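Peer 1: Given these sequences and hints, build the entire structure.
Taken in sequence, the protein lines are chains A and B.
Taking the working numbering, the leading residue of the first sequence gets 232, the next gets one more, and so forth.
Taking the working numbering, the leading residue of the second sequence gets 232, the next gets one more, and so forth.
Source of the hints: derived by calculation from the structure; they are not laboratory data.
Treat the hints with care, as some may be off.
As the list makes no split between identical chains, a pair holds if one copy fits it or if it spans any two.
Claimed, not checked - Cross-link-like lysine-lysine pairs, in silico, BS3-like; alpha carbons within 30 Å at most:
| # | residue 1 | residue 2 |
| --- | --- | --- |
| 1 | 429 | 769 |
| 2 | 671 | 352 |
| 3 | 734 | 763 |
| 4 | 714 | 620 |
| 5 | 576 | 714 |
| 6 | 359 | 734 |
| 7 | 359 | 679 |
| 8 | 763 | 679 |
| 9 | 763 | 439 |
| 10 | 359 | 671 |
| 11 | 439 | 429 |
| 12 | 352 | 679 |
| 13 | 714 | 359 |
Being a predicted model, the structure only gives us computed values, none of them experimental.
Residues per chain, in single letters:
Protein chains: 2
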Amino acid sequence: MVTRLSSFFFRSLREDPADAEVNSHRLLVRASYIRRQAPGIFAWLPLGLRVKAKVEQIVREEMAAAGAQEVHFPALMPREPYEATGRWTEYGDGIFRLQDRHGADYLLAPTHEEAFTLLVKDLYSSYKDLPLTIFQIQDKYRDEARPRAGLLRGREFTMKDAYSFDYTDEGLDASYQAQRDAYERIFQRLGMDYVIVKADAGAMGGSKSEEFLHPTPIGEDTFVRSAGGYTANVEAFETTAPEALPIPDGAPVVFDSPQTPTIQTLVDHLNAHIEAPAGGEWAAEHTLKNVVLALVHPDKTRELVIIALPGDRDVDGKRAEAAFAPAEVEPATEADFARNPALVKGYIGPWSAQGAVLGEESVSGIRYLVDPRVVEGSSWVTGANEHEKHLHSLVYGRDFTADGVVDVATVREGDIAPDGTPITLERGMEIGHVFQLGRKYAEALGLKVLDQNGKLVTVTMGSYGIGVTRILAAIAELNNDDKGLIWPASVSPFDVHVVATGKGDDALNLGEQVVAQLEAAGLDVLFDDRPKVSPGVKFGDAELIGVPQLLVVGRGAADGEVELWDRRTGEREVVPAPDAVARLTAR
Amino acid sequence: MVTRLSSFFFRSLREDPADAEVNSHRLLVRASYIRRQAPGIFAWLPLGLRVKAKVEQIVREEMAAAGAQEVHFPALMPREPYEATGRWTEYGDGIFRLQDRHGADYLLAPTHEEAFTLLVKDLYSSYKDLPLTIFQIQDKYRDEARPRAGLLRGREFTMKDAYSFDYTDEGLDASYQAQRDAYERIFQRLGMDYVIVKADAGAMGGSKSEEFLHPTPIGEDTFVRSAGGYTANVEAFETTAPEALPIPDGAPVVFDSPQTPTIQTLVDHLNAHIEAPAGGEWAAEHTLKNVVLALVHPDKTRELVIIALPGDRDVDGKRAEAAFAPAEVEPATEADFARNPALVKGYIGPWSAQGAVLGEESVSGIRYLVDPRVVEGSSWVTGANEHEKHLHSLVYGRDFTADGVVDVATVREGDIAPDGTPITLERGMEIGHVFQLGRKYAEALGLKVLDQNGKLVTVTMGSYGIGVTRILAAIAELNNDDKGLIWPASVSPFDVHVVATGKGDDALNLGEQVVAQLEAAGLDVLFDDRPKVSPGVKFGDAELIGVPQLLVVGRGAADGEVELWDRRTGEREVVPAPDAVARLTAR
Numbered sequence: 232m233v234t235r236l237s238s239f240f241f242r243s244l245r246e247d248p249a250d251a252e253v254n255s256h257r258l259l260v261r262a263s264y265i266r267r268q269a270p271g272i273f274a275w276l277p278l279g280l281r282v283k284a285k286v287e288q289i290v291r292e293e294m295a296a297a298g299a300q301e302v303h304f305p306a307l308m309p310r311e312p313y314e315a316t317g318r319w320t321e322y323g324d325g326i327f328r329l330q331d332r333h334g335a336d337y338l339l340a341p342t343h344e345e346a347f348t349l350l351v352k353d354l355y356s357s358y359k360d361l362p363l364t365i366f367q368i369q370d371k372y373r374d375e376a377r378p379r380a381g382l383l384r385g386r387e388f389t390m391k392d393a394y395s396f397d398y399t400d401e402g403l404d405a406s407y408q409a410q411r412d413a414y415e416r417i418f419q420r421l422g423m424d425y426v427i428v429k430a431d432a433g434a435m436g437g438s439k440s441e442e443f444l445h446p447t448p449i450g451e452d453t454f455v456r457s458a459g460g461y462t463a464n465v466e467a468f469e470t471t472a473p474e475a476l477p478i479p480d481g482a483p484v485v486f487d488s489p490q491t492p493t494i495q496t497l498v499d500h501l502n503a504h505i506e507a508p509a510g511g512e513w514a515a516e517h518t519l520k521n522v523v524l525a526l527v528h529p530d531k532t533r534e535l536v537i538i539a540l541p542g543d544r545d546v547d548g549k550r551a552e553a554a555f556a557p558a559e560v561e562p563a564t565e566a567d568f569a570r571n572p573a574l575v576k577g578y579i580g581p582w583s584a585q586g587a588v589l590g591e592e593s594v595s596g597i598r599y600l601v602d603p604r605v606v607e608g609s610s611w612v613t614g615a616n617e618h619e620k621h622l623h624s625l626v627y628g629r630d631f632t633a634d635g636v637v638d639v640a641t642v643r644e645g646d647i648a649p650d651g652t653p654i655t656l657e658r659g660m661e662i663g664h665v666f667q668l669g670r671k672y673a674e675a676l677g678l679k680v681l682d683q684n685g686k687l688v689t690v691t692m693g694s695y696g697i698g699v700t701r702i703l704a705a706i707a708e709l710n711n712d713d714k715g716l717i718w719p720a721s722v723s724p725f726d727v728h729v730v731a732t733g734k735g736d737d738a739l740n741l742g743e744q745v746v747a748q749l750e751a752a753g754l755d756v757l758f759d760d761r762p763k764v765s766p767g768v769k770f771g772d773a774e775l776i777g778v779p780q781l782l783v784v785g786r787g788a789a790d791g792e793v794e795l796w797d798r799r800t801g802e803r804e805v806v807p808a809p810d811a812v813a814r815l816t817a818r
Numbered sequence: 232m233v234t235r236l237s238s239f240f241f242r243s244l245r246e247d248p249a250d251a252e253v254n255s256h257r258l259l260v261r262a263s264y265i266r267r268q269a270p271g272i273f274a275w276l277p278l279g280l281r282v283k284a285k286v287e288q289i290v291r292e293e294m295a296a297a298g299a300q301e302v303h304f305p306a307l308m309p310r311e312p313y314e315a316t317g318r319w320t321e322y323g324d325g326i327f328r329l330q331d332r333h334g335a336d337y338l339l340a341p342t343h344e345e346a347f348t349l350l351v352k353d354l355y356s357s358y359k360d361l362p363l364t365i366f367q368i369q370d371k372y373r374d375e376a377r378p379r380a381g382l383l384r385g386r387e388f389t390m391k392d393a394y395s396f397d398y399t400d401e402g403l404d405a406s407y408q409a410q411r412d413a414y415e416r417i418f419q420r421l422g423m424d425y426v427i428v429k430a431d432a433g434a435m436g437g438s439k440s441e442e443f444l445h446p447t448p449i450g451e452d453t454f455v456r457s458a459g460g461y462t463a464n465v466e467a468f469e470t471t472a473p474e475a476l477p478i479p480d481g482a483p484v485v486f487d488s489p490q491t492p493t494i495q496t497l498v499d500h501l502n503a504h505i506e507a508p509a510g511g512e513w514a515a516e517h518t519l520k521n522v523v524l525a526l527v528h529p530d531k532t533r534e535l536v537i538i539a540l541p542g543d544r545d546v547d548g549k550r551a552e553a554a555f556a557p558a559e560v561e562p563a564t565e566a567d568f569a570r571n572p573a574l575v576k577g578y579i580g581p582w583s584a585q586g587a588v589l590g591e592e593s594v595s596g597i598r599y600l601v602d603p604r605v606v607e608g609s610s611w612v613t614g615a616n617e618h619e620k621h622l623h624s625l626v627y628g629r630d631f632t633a634d635g636v637v638d639v640a641t642v643r644e645g646d647i648a649p650d651g652t653p654i655t656l657e658r659g660m661e662i663g664h665v666f667q668l669g670r671k672y673a674e675a676l677g678l679k680v681l682d683q684n685g686k687l688v689t690v691t692m693g694s695y696g697i698g699v700t701r702i703l704a705a706i707a708e709l710n711n712d713d714k715g716l717i718w719p720a721s722v723s724p725f726d727v728h729v730v731a732t733g734k735g736d737d738a739l740n741l742g743e744q745v746v747a748q749l750e751a752a753g754l755d756v757l758f759d760d761r762p763k764v765s766p767g768v769k770f771g772d773a774e775l776i777g778v779p780q781l782l783v784v785g786r787g788a789a790d791g792e793v794e795l796w797d798r799r800t801g802e803r804e805v806v807p808a809p810d811a812v813a814r815l816t817a818r
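Peer 2: Next up, the structure:
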């Protein structure tokens, strides 16, 4: 096919869009690939649609190779199935909800676990029907609070989501592995770096979860990589707890600590007034910081919790969100403190569900959770739940206990991974997610099959997502320079971009010949045949559009010569036209 | 490609879905093509998705051949552009509206005229950029009051909508014709009968409009076909007005007409008491029926109008809706009459915007509109706006006038078309619509380009829609028998359905060979390799699925023989396997 730029729906824009924060957004808009319709919502122009179709085709081929079958669900879904699994409420403000003219509730689906589960329940009833993996490539919706970075975090986006159905755990492992392998092939074909990291599975009720992250400084996710090869996203990183210590004799000591509401002021006070621990000075890590957080549950109830963690760490927001999902996590407000006068700001100490363990005991019902580093026998300096009073030599397991352990402290370079080696932190963008859902959805929605013995067994499921539009943006983000985009050949909107320049008819005539030959060889050609457009503008547009292989028909046309131009390396080579055609069609 | 039924996501259902009113719905559900998710909202299973992709591909190819370029707009669109053209309000209850978390208004787009207009405005500014036709194949939404007939009238449906942009009327005519020609090719390739009928253009503010109707008794639309070849949908049918008559001398005569609130009682009274018109009896057509309707405007204001039409006709609801769009039309209620005591039910006569022309004059502001048959000089019997009083010899143009003419009376077989020949009425299903929008949208949204003289001119547009999912259902509706579907080859989910039957391995082995050969020749094969499924079940499923070409490997397998089975004619022929393969791959 030949597409002529003279009639192609394309217009390069000189100005960056005002709201563009990243290169992919900037260039995809400037080069007429996409156009904003509303925050996080884009229209696709012919160039963009071509690249999107190529990404989708690669995904489709690898899904077929993995034995997955394509289906398609509506975006507009009724409330009932989401109600049955609790997600109608759990999604909070994160989804678009609406009513039809009869007042029935609907949502614009962010994912389709429930619908897939019900469809299989509708059609299948025997272990003989399994395993089954079905997928769709479909437009999804999330009502992001702050959609940004163009296609990287939109409110309408295209995803491939697949779901596997098995009746044994081994079957689920195999289905999971098949999708995981398919994802590796997809990213390899797309020329994208990726790291597979352990992800947090708890919030979705599943058992095993891994994310495919594309390492990039603009990624929204932080992930951990250990010297020994352990990888995890920061939410899923498991802190290695030190070994428990023998519980010493003795008792905690209360001391006056005027004007020490922060860890630093406390450490200074300790070093000035209290005998230091063996062999050194007091440091933040000797103190126990008690952070009050508010959990906003999906039903909008507000629960306060206290997180106790070493004073040299903070609560990591994302880790806390993951640990407490589906609740949202907020810092406690002044109003929260005002309602709970027993929480003495700056001097909070151990606590229990019955109220403050020390100090005033008038408040109860606040869970007290400790960091994994707070092991039995460990000794801490912490607040005494009284204004300007602290304790030292407070020993966990002797002087206080907790309602639970929660691993939400900040992760730092050099922390020790579960494999015993130190970690580094990197930024990444989530481009895929494979997930063993287990039996959560099948149980909630009653998906059972008869097994070999005629017994009803609950089906076990996996969920596998790839963000098509996000991947496209990530490829654009990874492949550009100051002049424009540079597509990998596998997803380029055209195979070759032929530019005819110069006055007179020589170049245009030779261009027509070359283009006809390339087309006859089955190549998809973009032909810049625009009359009265300067070579400079044509070259600029070609560089902006980013087809990796350019062919210029210009000055040498009268001699039958053309120029092959590699957009990525910038190399340009003058060759006879037939040689150029032969080289391009030999690939 | 070979798809094996043993692992294909398919399950034939014996029971018709409870809500299925038409064959296409019944069979597409029973054969696992689609599955209901909510009223008028369906999921697509692998079989359905294959057929849908084939219909889309035919549409796409013909759009490309017509020079149209593909783009893709989001389903979720902001309110603003629809507000600018008034359609946000005009749509009434017919669309899905929603708000995002920040309270901004959105809709699920039923069509995208505004968005296409704004996109072209964004990118183009010169006559040199035109003509341009761009299209999308996209899922659309309408909040139908009563979604029904499966895919034929859904709330989520796939459409191809194209929009053309020109700067001259001649250009628009050419763009319109190119789309119209493409539609003819599409329906020919799909093997669908169609009639192109004149459609009502007024409501959309455009100038020329034609619908492609598929003639079928289950069609929702009625269309008119004249002996001379004129076609129109019933909304667009233009009544041929008789010629005006000379105005006679004289005056209308009021007469007592006790208990004559209906046309029939009035005619009986006339024949009993009043001298008949020359050469016959009084008949309903001599009377003038005055019907009070309520127009509910998009802003919810309620306006009463009186429609005067010959007593042998009624107001046709669809024609009235078309004539008064975007207002909705309702019969006047008892409350409407109670609020307007001058409207004497059963005895209403001519009226004017200033109030009743005859009788009590206390009510005003009600428009009085007449049928085209009420021409100057025509004489009528009608109500006198007083209880049990009528008038005869009331002459239009002498004794009364109207605020306008409105052509909303029922159309009947034998009525005369504009070409002077009598009409018949047929039922049809709308499958395509081509429409000259003209400058309405470009004016509302400010889409202008510079012409050859450097002058800004407003662009003129066309809008062209084809219902992809509706066409698919129409094809299914047209191609089935009591055993199941029978697809035309152009959209069949597979090229060949190979059924292996019988015990022992002969059939399965020969089946594998045949299937491999068909695949090697590039055919898309569905292979029923299910073990332990009876031939009867396999044949039943094959007939239900409806691939038009079947190949059975069974009893003759040991002798290398197979059976070619034409699903449409039912013909079955035993031939050597290599001959069967040769015949299927020769096509």
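Peer 1: Let me make sure I understand: some of the numbered hints might not hold for this structure. Which ones are they, in numerical order?
Peer 2: 1, 4, 5 and 9
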